[in-house]
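*Asks:* With these hints in hand, go ahead and build the complete structure from the sequences.
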Amino acid sequence: MKKLIMFLTGLVLLALTGVTVYFVGGIFDAGQKQLVIPYFFQPNNLSTQRPGVPQTAEYMGESQFLNLLVRKYITEYFYAAPDAENIASRTRANSVLALMSSSTVFDEWAANEASVIQKLAENKSMRTVRVIDDIFQPNGSKYWVVNYELKTWEKPNDFSISPTVTRGTMYMNITYEMGMRNGVDIDALHQYLEDGGDPAAVFNFRVNQIIQGQ
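With my numbering as the guide, the letters of the sequence shown map in order to residues 1 to 214.
Derived by calculation from the structure, the hints in this document are not laboratory data.
It should be emphasised that the depicted structure is a prediction, and the values quoted were computed from it without experimental measurement.
Note that beta-carbon positions come from the ideal geometry of N, C-alpha and C, so glycine has one too.
Accuracy of the hints is not assured; some may be wrong.
Dumping the calculated EDC-like pairs for lysine to aspartate or glutamate here, alpha-carbon to alpha-carbon at most 16 Å [to be verified]:
(1) K72 x D198
(2) K119 x E85
(3) K124 x E154
(4) K119 x D83
(5) K124 x E149
(6) K72 x D133
(7) K119 x E154
(8) K155 x E122
(9) K72 x D134
(10) K124 x E85
(11) K124 x D158
(12) K151 x E76
(13) K155 x D83
(14) K72 x E149
Pair ranges (Cβ atoms, derived) [stated by the list, open to error]:
(15) E58 x K119: 36 to 44 Å
(16) A84 x K151: 15 to 23 Å
(17) L68 x D195: 19 to 27 Å
(18) K119 x D195: 24 to 32 Å
(19) I132 x P156: 25 to 33 Å
(20) G61 x D107: 29 to 37 Å
(21) S162 x E108: 25 to 33 Å
*Replies:* Laid out in structure tokens, this is it:
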């Protein structure tokens, strides 16, 4: 009797399997050609933030490329990390900020803002930077106007405390031409990049003077 029940149960399961296969076959016709076309969204102009071939400076356009270089410069000028070695490396003569600045501008930064960043690093504070709008140059002026916002987390690992938010304006005298710096040995340039040098420093971009606004 037990064997008979097991036999009948097996027949029922087999029948259910056949019915399931039939309905699945009706829903999905394997004889039809099915195509899956992938689409990739580009979330950012930076090559590290998107798939595919990086955009060239010519493709992006002179205005947009200058805008990106200024944003990079402002970030290097103000950001603070809770790491003393970070600010120590940024004050060196071969740092990206030094390479993108005239000697006068870099010395002014080292004597003033770098000291602020040093104190933030010692206190394990963190500060982020955001350029609020696109940069612009008023008619007849030699200065570019850059509006920025700083967020500073004074105490580490305490998310109950809101960051201190400050805003300011910089008036920047900039020398800029599309392309890489002139007179640079291409082998030395390749080695600089292979050694982890910041690509922003290889372009014809230099900040000659900065006036701090409110």
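*Asks:* Out of the numbered hints, which ones does the structure contradict?
*Replies:* 5
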